[in-house]
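> Sequence:
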Amino acid sequence: MWRSHDRSRRALLAALSLIAVGAVPSSARPQFRRPVLGVTHTQYTADGDTAAAARARDYLAATPLAGNQQIMGWGALNPQPAPGVFDWHTLDERVALLRRTTAEPVLTLCGAPDWMKGGQAGHTDWAELETAPREEHFDDFAALAAAVARRYPDVRDFLVWNELKGFYDPARNDWNIEAYTRLYNKVYAALKAANPETRVGGPYVVFDIWPDVDSPLTGRWGTVDPRAVAAIDYWMANKAGADFVAVDASSRTKDGHFPAGDVAATEMFADATRWLRERTGLPVWWAEFYPDVDPALPASSPRRAAVALLTLARTVAAGAAKILLWQPQEEDDLHSAALWADGGDLYPLAGAFAWLAEAAEAGRPITADWTNDVVRVSDGKTGIALDATTGRVTHRDRPW
16 MWRSHDRSRR
26 ALLAALSLIA
36 VGAVPSSARP
46 QFRRPVLGVT
56 HTQYTADGDT
66 AAAARARDYL
76 AATPLAGNQQ
86 IMGWGALNPQ
96 PAPGVFDWHT
106 LDERVALLRR
116 TTAEPVLTLC
126 GAPDWMKGGQ
136 AGHTDWAELE
146 TAPREEHFDD
156 FAALAAAVAR
166 RYPDVRDFLV
176 WNELKGFYDP
186 ARNDWNIEAY
196 TRLYNKVYAA
206 LKAANPETRV
216 GGPYVVFDIW
226 PDVDSPLTGR
236 WGTVDPRAVA
246 AIDYWMANKA
256 GADFVAVDAS
266 SRTKDGHFPA
276 GDVAATEMFA
286 DATRWLRERT
296 GLPVWWAEFY
306 PDVDPALPAS
316 SPRRAAVALL
326 TLARTVAAGA
336 AKILLWQPQE
346 EDDLHSAALW
356 ADGGDLYPLA
366 GAFAWLAEAA
376 EAGRPITADW
386 TNDVVRVSDG
396 KTGIALDATT
406 GRVTHRDRPW
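Quick note: the sequence shown uses this note's numbering, first residue 16, plus one each step.
In short, the hints are calculated from the structure, not lab data.
Here are the simulated lysine-lysine pairs, PhoX-like style, with alpha carbons at most 25 Å apart:
{"hint": "1", "residue 1": "Lys180", "residue 2": "Lys269"}
{"hint": "2", "residue 1": "Lys180", "residue 2": "Lys132"}
{"hint": "3", "residue 1": "Lys254", "residue 2": "Lys180"}
{"hint": "4", "residue 1": "Lys201", "residue 2": "Lys180"}
{"hint": "5", "residue 1": "Lys254", "residue 2": "Lys207"}
{"hint": "6", "residue 1": "Lys132", "residue 2": "Lys254"}
{"hint": "7", "residue 1": "Lys201", "residue 2": "Lys254"}
{"hint": "8", "residue 1": "Lys180", "residue 2": "Lys207"}
{"hint": "9", "residue 1": "Lys201", "residue 2": "Lys132"}
Put together the whole structure using the sequences plus the hints.
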């Protein structure tokens with residue numbers, strides 16, 4: 016949607032002002048063009064009636080971001096505990112959060128009710144959340160996906176499943192991408208029948224990084240597991256259709272290293288984006304991305320923020336259509352870069368994330384540089400810098 020530069024500037028300043036004053040006036044649902052950056056809400060996020068949650072919502076609403084939620088788990092209960100029995104109340108609450116804080120809500124169609132994967136109807140065993148539905152229930156899962164699309168007609172973007180959970184075949188030591196693709200095709204058809212305007216993507220495979228394996232996707236950061244590449248190729252050749260391709264990755268190798276350092280490792284996301292665009296011809300979504308650093312550093316670490324900003328800038332410049340930050344609120348179970356603390360205070364990444372979201376959504380050219388542990392990003396008009404040691408964020412009214 017078109018909007019004036021003044022309105023764009025006001026939205027950005029509102030987002031950035033949260034860092035300085037801790038609050039802004041409550042925002043109406045924003046109206047932006049399609050954003051590039053976004054967040055995925057998990058168990059603990061910007062919902063609830065606390066002042067901290069309100070500050071986080073104001074930050075999100077003032078920034079051109081997409082917002083993603085899983086339909087079951089990660090903050091939402093079982094939406095269909097038994098055949099023909101629906102319980103939408105928690106997913107309704109999460110979709111309401113998306114509507115309040117983004118112009119582009121996204122839903123990830125994962126996980127599956129227990130009765131679709133061999134469990135008891137009416138009972139939810141959360142230990143089995145990451146178990147895939149059995150093939151005899153693929154049609155049931157597709158019907159649930161269609162019910163979700165009909166219930167939330169303003170949600171147009173759907174990710175089919177999450178990280179191929181439950182689709183790994185230990186006997187083959189490989190992904191059962193064939194079964195996933197059969198599920199995907201049923202879900203794709205059901206979603207398009209429910210609403211032809213939906214945008215559907217997969218396979219949401221993890222790009223595991225190894226220091227040295229034979230793979231067509233490689234760089235000084237390491238090599239992408241060839242099984243993930245093969246999964247992409249099979250899905251591309253056998254899918255019923257797709258509006259985008261989705262992947263996720265961590266920049267650390269599977270054996271816990273950075274072959275050329277944590278800064279050079281950020282190049283992986285940009286290299287993979289360009290490779291995927293050429294390989295598939297589809298818009299590229301990073302359903303999750305984890306630019307890693309020393310694992311001892313907390314989510315609030317300035318170095319995590321700086322490395323994340325460099326990753327985001329390079330990936331936007333490479334042409335990614337969507338980049339979703341998993342779990343924007345800091346929690347003990349995940350040390351990936353966060354935007355805000357449990358108490359609602361914003362971290363160094365938050366202002367830079369808002370600035371880059373604005374520039375990316377506007378389609379401005381992004382360049383990035385890392386010198387002396389400071390990342391500097393420009394958009395052709397203005398610039399921002401983040402110090403990896405102190406966390407200091409510097410804004411500039413011209414490019415670096």
